[in-house]
Amino acid sequence: MDWFENGWGLSLIVFLPLVGATLVLLLPRKQERVAKVTALFFAFASFAAAVYAAVTFDLDSSASFQFGTDQSWIAAIGSRFHIGIDGISLPLLVLSTLITLLCIVYSWNHWPEPHNPKGFLVLMLVLATGMNGTFVALDLVLFFIFFELVLLPMYFMIGIWGDRTKIRLPGFKREVETRLYASIKFFLFTLFGSAFMLLGFLALYFKSDPHTFDMVALAQAGQMGAFAGAFGGWVFAALFVGFAVKVPMWPLHTWLPDAHTAAPTVGSVLLAAILLKLGAYGFIRISLPILPEQAQDWAPAIAILAVIAIIYGSLACLAQTDMKRLIAFSSVGHMGFVMLGIATLTDIGINAAVIGMVAHGLITGLLFFLAGSMQHRYHTREMSRLGGTMKLMPVLGGLLAFTAMASLGLPGLAGFWGEFMALLGSFNPLDGLSLTVFRTAMVVGAVGTVLTAGYLLWMLQKVNLGEPPAEWAGKEWHDADKFELAAWIPLVIAIFAIGVFPKIIFGATDGAVVNLIRSAFGG
Amino acid sequence: MFDYHALAPELILGVTLLAVLAIDLVLPERLKYLAGVTALVGMVAAVFPLLTIAFCDSITGCSDTGARAMFGGSYVVDDFALVLKGLFLVSGVITLLLSVGYLESDDYYQGEFYFLILASVTGAVVMASSRDLITMFVGLELVSAPAFLLAGWRKGDLRGNEASLKFFLTGVLATAVMLFGMSLVYGLTGQITFAGIAEQTAVLGLGSEPAFVMAVVFVLVGFAFKVSAVPFHFWAPDTYQGAPTPVAAYLSVGSKAAGFVGLLTLCYLAFSAVPEIWGPILWVLAVASMTVGNLVALKQTNVVRLLGYSSIAHGGFILVPFAMAASYDSVGLADAFFGSITYLLIYAFMNLGAFAVVIAAAAKAKSGEIADWAGMNRYAPATAGLLSMFLFALAGIPPLAGWFAKFVMFRAVIGTFESPWAVALAVIAAVNAVIALYYYARIVKSVYMDDVPISVPQDQAAALRTAPSLVLAIALTAAVVVIVGFFPQILAFFGEAARAFPS
Chain V
1 MDWFENGWGL SLIVFLPLVG ATLVLLLPRK QERVAKVTAL FFAFASFAAA VYAAVTFDLD
61 SSASFQFGTD QSWIAAIGSR FHIGIDGISL PLLVLSTLIT LLCIVYSWNH WPEPHNPKGF
121 LVLMLVLATG MNGTFVALDL VLFFIFFELV LLPMYFMIGI WGDRTKIRLP GFKREVETRL
181 YASIKFFLFT LFGSAFMLLG FLALYFKSDP HTFDMVALAQ AGQMGAFAGA FGGWVFAALF
241 VGFAVKVPMW PLHTWLPDAH TAAPTVGSVL LAAILLKLGA YGFIRISLPI LPEQAQDWAP
301 AIAILAVIAI IYGSLACLAQ TDMKRLIAFS SVGHMGFVML GIATLTDIGI NAAVIGMVAH
361 GLITGLLFFL AGSMQHRYHT REMSRLGGTM KLMPVLGGLL AFTAMASLGL PGLAGFWGEF
421 MALLGSFNPL DGLSLTVFRT AMVVGAVGTV LTAGYLLWML QKVNLGEPPA EWAGKEWHDA
481 DKFELAAWIP LVIAIFAIGV FPKIIFGATD GAVVNLIRSA FGG
Chain D
524 MFDYHALAPE LILGVTLLAV LAIDLVLPER LKYLAGVTAL VGMVAAVFPL LTIAFCDSIT
584 GCSDTGARAM FGGSYVVDDF ALVLKGLFLV SGVITLLLSV GYLESDDYYQ GEFYFLILAS
644 VTGAVVMASS RDLITMFVGL ELVSAPAFLL AGWRKGDLRG NEASLKFFLT GVLATAVMLF
704 GMSLVYGLTG QITFAGIAEQ TAVLGLGSEP AFVMAVVFVL VGFAFKVSAV PFHFWAPDTY
764 QGAPTPVAAY LSVGSKAAGF VGLLTLCYLA FSAVPEIWGP ILWVLAVASM TVGNLVALKQ
824 TNVVRLLGYS SIAHGGFILV PFAMAASYDS VGLADAFFGS ITYLLIYAFM NLGAFAVVIA
884 AAAKAKSGEI ADWAGMNRYA PATAGLLSMF LFALAGIPPL AGWFAKFVMF RAVIGTFESP
944 WAVALAVIAA VNAVIALYYY ARIVKSVYMD DVPISVPQDQ AAALRTAPSL VLAIALTAAV
1004 VVIVGFFPQI LAFFGEAARA FPS
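From first to last, the protein sequence lines are chains V and D.
Counting from 1, position 92 in the first sequence corresponds to residue 92 in our numbering; the numbering is continuous, with no gaps.
Start counting at 1 in the second sequence, then tack on 523, and there's your number in our numbering.
Derived by calculation from the structure, the hints in this document are not laboratory data.
One should not assume that every hint holds.
Said to hold, decoys possible - Part of the chain D face toward chain V, derived, beta carbon under 7 Å: (1) P921; (2) A949; (3) A964; (4) P1011; (5) Q1012.
Beta carbons are placed, not taken as given, at the ideal position from N, Cα and C, and that holds for glycine.
I would like the entire structure built from these sequences, with the hints used as guidance.
In structure tokens, the structure reads:
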């Protein structure tokens, strides 16, 4: 199919959800069923196209951009509609379309209050366009647009459908609802980061000769040393702020626990599974290839921040009483491993980062699904009140046990590769990087894996094991229903498959990663 | 011989002006809106000659292309002027659309209202072409004088009186200061055309002459009042709040844009030899306007007042590209013009749209307080959706058109990144963009996420129909804001036309 390979395929993957969103928006509010079917259809079409792209992807030249096109877009500022995918973006693109599809399936009869499925579906589909678009954009302005496009839907998702528990903020007299606080915090943090990112993009544009926003051309210029010196340092710092907020890296992570906890189930899943990946993807796609020299200067600092995040995230998890908040903090730690992998600037480390991102997307997505379903049944997330889920709802409990095992990095499941290889990479980072820093990071990170196992097992013990507390006695329990299972089983299968056969991911990424490292760092 | 083709827009506006005055005398009370329709038709008709002048090349029988200079170079119709005339006419048309329904529901005079709007727009159209001090001054007064009256249209209302009086007094003060500056400029150079002033300034080496510095500062201060740049902004929020909302919309877009046009043409044509005098002043005005406008907007409880402060902040953003004027090369200068004019074009549509929805929403909630709009999504979902769309557009969130405005603004500053002042300015602007989001989002939060107050009669509000002319205005601006967000080239094309201006 020629048309599919000439950019139309990727455009379909990106814009089909947007078309779906427009159609759903035009439907009357009462036509819930039609809205759901429409949304499902467009999400499925987008996923199917992504799978088709993955199947026909030429693995032997995964370092080059495929299915791409380069069209005139905003001539006045020299920005073009340049899209394409290589081995690094392909797995993330498929993940993004899959998670969107599963979220719509899960939502089928799980609508958070206040109901209004129409609005929720529109936001989900717009979000999908933003996420998919970020992974295919090869022009900095286009990347910026898609990167920002996810803000509005997520803001509304958290703010309207989020948690209504009241909290008192330190320093304020009045109580606010968690959803209101969390939604604007998420919005402001991310916008702050991306405003600086935009300044960085513009600086790159004006420094390049001829002026361009094209990532491929900029990467070539960067590797020839066009952005050397203090200028590059400032630009790297500006981009760092933008991406680090999104990842999030310690100490810019504080929006994350609030947003993940306050968001409705599907919102948490999308946040954890995809939105966090946009930041890390930005490092791999933009910062490293365009500013290789500065990346080497910054790598030790990033590694240190990453291990702080690992340890801090794990310790914070141990202090949580709220199940969803625990899972939220676990993301800080897991993304710490991803960033540690990136900081090593080696092919092992970056492969680890990509597989770590995919695994985290699948696993933490599933964990948030499960936490949401449990909250739906228990009407609480306080772990001290839970217990004995294995007896009350064996399927739900069993899945939670499985996913927690995957999350703590049990060999044979997807979570293992990301952690293990990130540590392996930091044993032997790129030549010229401080061995002391990276080997210390490796040891501390290894301690972090133990802590990770600690808090996840602790959570399992509280939620799953033992006798159900007295307050749950005599009630009727509904184990996982068919919509939940339909949304979760694909994730379980994927976690198994990647765990046993990681080549599903490495087959695509390795060529691209090796090429990136060789051309940017000569390693 | 006169170039009637080039003057056609002004002539059409002049004829319409008289026609509106005349038919207002004979129309019975219930048909007064026809005066508005006449004004509307006249303004739309005035757009056509703009197009035929702009695309003269491709029209058979049309000759004399390129910039058309008249009256010894005092009146010039070039691409820059054409784009701005188009902007003024479009904002005039949208203002009229906002006014018709608004005035019908109020018990105030109508005919003169349309006449005054037309007069003000005519003044703005003249300003875009004026290339000497006197024409510029006459144009500017023609913009302002009707606006003083319009601001006090609700004469039974205390706030309306305050609005008008405050606007009038500060406006007159600004005019006096500006005229004094202009007289000094004339006295020192002996010229009134901008080209002549620029030439004499360079020849006589006036850049270091204290009297000339003072003259430039006075002229700038006068315009700073007109564009409500901080610290000359204090009249704006009171006037916007007290004036009828369509007038506030016009003041914050049409009349403000006229002020910017005057400021930019003066700086770049008359004072082009001495950017070191006015560059730093614009830097300070830009930073102060952005920061103060945004910070004060955070505390507002009234929507129109909030939009007043937000428009002060946007004025700061529009000035940003010019603040680095002293360090621009010719490409950078063209980028700065492109940036500011494109920002102005996009801002006009966003802000007029926002005001249009605010009029509709205030009618439904019977209040202009943010707290009373809580839960509007429940009883007026379309109004709520459009309101948040325009507010997020103003905040610069993609994919709505505002992002491109912010983008070209940053682009013009970052182009001179070697200067630490440029980097500082860019960082201040970036922080301000984040602050701005907070107060726009606060309205959206109230509308979508809070509960409906008991005082609002929901059924009644839901049943209330929005005037068709207002719906048309909202639809027009909304379409532009969405489409330009995805395809900015459409408006950037017009911004490009302004690029060649300063050279």
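Against the structure, the hints:
no.	hint	in the structure
1	P921	holds (4 Å)
2	A949	holds (5 Å)
3	A964	holds (6 Å)
4	P1011	holds (5 Å)
5	Q1012	holds (5 Å)
Checked against the numbered hints listed earlier, the structure breaks none of them; every hint is satisfied.
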